[in-house]
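Each protein sequence line maps, in turn, to chains A and B. Per our numbering: the first sequence = residues 1 to 100. Per our numbering: the second sequence = residues 1 to 479.
Worth flagging that the hints you see were computed from the coordinates, not collected in a lab. Do not rely on the hints blindly, as some may be mistaken.
With a Cα cut of at most 30 Å, we get these calculated DSSO-like pairs of lysine-lysine [said to hold, decoys possible]: (1) Lys253/B x Lys287/B; (2) Lys378/B x Lys2/A; (3) Lys343/B x Lys96/A; (4) Lys253/B x Lys443/B; (5) Lys281/B x Lys30/B; (6) Lys288/B x Lys253/B; (7) Lys378/B x Lys40/A; (8) Lys17/B x Lys30/B; (9) Lys96/A x Lys93/B; (10) Lys30/B x Lys11/B; (11) Lys40/A x Lys393/B; (12) Lys40/A x Lys343/B; (13) Lys2/A x Lys412/B.
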Amino acid sequence: MKISREDVVRVAELAYLDLSETELETYRAQIDEILEYVGKLNELDTAGVEPMAQVLADDQTADATLREDTVVPCGIAVAILPQAPDPDPPFFRVPKVIER
Amino acid sequence: MSTTWTIDAVKEALAAKKLTARELTAEFYKRIDARDAELNAYLALSPERAYAQADKIDGLIADGKALPPLGGVPIAIKDVISTRGTVTTCGSKILRNYIPPYDATAVTRLEEAGAIILGKTNCDEFAMGSSNENSAYGPVKNPVPLDRVPGGSSGGSAAVVRAGLAVASLGTDTGGSIRQPGALCGIPAMMGSYGRVSRYGLIAFASSLDRIGPFGNTVKDVATILQAIAGRDPNDSTSTTAAVPRYSEEIDKPVKGMRIGIPRDYFGEGMDSGVRDKVEKGIELLKKLGCEPVDIRMPHTDYAIATYYIIATAEASSNLARYDGVRYGLRIDEPTLLAMYRKTRGAGFGPEVKRRIVLGTYVLSAGYYDAYYLKGQKVRALIARDFRDAFQKVDAIATPTSPIPAFKLGEKTNDPLQMYLADIYTVTGSLAGVPGISVPCGKVCGSLPVGLQLFGPAFGESRILQLAYAFEQAGAASL
């Protein structure tokens, strides 16, 4: 077994994801099978291989060189706030974060 | 009125005043009204916007002005691409009422080129899936045989073009999500090179893989649309500064003498025998066109699915952290902030998305990062090297797009790994960043379309478009 129920509980906690008991077990079994399959990567010797962290070569994007750090006003608050579940212009309101 | 319109046909009909852009738009909405209840391919329509644009085009014609490249062409947009003022759900409950305050650059560019945006197409939730059965708004049906899936994740975008409910559409491809539904619905579908098309306004799934690209009824239409949306965008730092060739003007350049790599590694077990037969016939057709098939090896092909599902889920777990019930979308009210996050995300995401968030968080977590994520990034480099090595010897690579034709709805929903394996031939090019097109290559079992996939080197879209065009013109769809 690659992944335990406790692992799934821990990971769901890290991802702030509420999972039911049934979901926990279903995902554990399915992810276990996927990780088993993914294990085939260990057949490959990757010592000395640079991880591919970039897709484009450096000369293919304009931002390969540093751009000027200039402030550009975007003025979109008025358009964005109505999308929020609980707006209090110009703020987003959230439940209590700190207990007193 | 003909069912299948091409971009050229639309522009000719409008220029000859056989009908107005407004009438054409109305005709498409009439078709959608009549047919979409059965297909479930559209999630939202934007008639106000469409008619306003149609009137603009009709104004140009009345003034005797030339039509822009996509003047009056009705186009549908996958629902993971932002459209100002039109609800954009990503096929997810968590964004059920989300109305973007801005347009994706690809959408802006289509409209600037004269296109009429009809509406938004159904897709797998956050583009995660290969059958369109992961949409919170129900599956899309394949217009060819209705009991089959259209492929995914851009199933709606493929279905509307195939069914004549749009002339063309935009989809997104992360591991095969444009090419595979194109193959399963029997239409050309293309993913340009990584960086070719701006992703500004594309709601992110896996940022090192996501690409926007077109579906059309013809290869030329696909070329015209790619040309309209491609090119540098200051709002997307990953969009390339490389110049955009005139894909559609160059589409009929000769392909004789092109060397086509046939990777033996793509023709192993798991491929449907009917698909194999059609693809082999397709390769024969390429030979008749004067191309030279060359046996090549791409030794890391077999590791692509494993690599992809590490990298894609890792990036997804990070990208999807933004859905927290604070700024947009669903919120489940709870007395504390953390409980609100957990409940909102638990209630808003569907099963496949949750599975991928858990897997992606796991492969990035302390103690597992090196074994999974870093290992995946290294194997990704080897897969990219397979492509670079191959393109030293050949001009293009031909493979099947999908190992199997369209499968029955519900057939694979209980087995995520089997579903993932549907992407076995497409994920390689996604990981390598190269462009790929799927083009119809006959049918099996009477009506199920097969696709031939053509890969080119990075920013080598022109040649594979020319090859796909010659292949299509030689009658490949009825092989």
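For each hint, the structure was consulted:
1. Lys253/B x Lys287/B: holds (17 Å)
2. Lys378/B x Lys2/A: At roughly 21 Å apart (the allowed maximum being 30 Å), Lys2/A and Lys378/B satisfy the hint.
3. Lys343/B x Lys96/A: holds (15 Å)
4. Lys253/B x Lys443/B: Roughly 27 Å separates the two Cα atoms, so the pair holds.
5. Lys281/B x Lys30/B: Measuring from Cα to Cα gives roughly 39 Å; hence the hint is violated.
6. Lys288/B x Lys253/B: holds (16 Å)
7. Lys378/B x Lys40/A: holds (14 Å)
8. Lys17/B x Lys30/B: holds (20 Å)
9. Lys96/A x Lys93/B: holds (25 Å)
10. Lys30/B x Lys11/B: holds (20 Å)
11. Lys40/A x Lys393/B: holds (29 Å)
12. Lys40/A x Lys343/B: violated (36 Å)
13. Lys2/A x Lys412/B: holds (23 Å)
Of the numbered hints given earlier, the model fails hints 5 and 12; all others are met.
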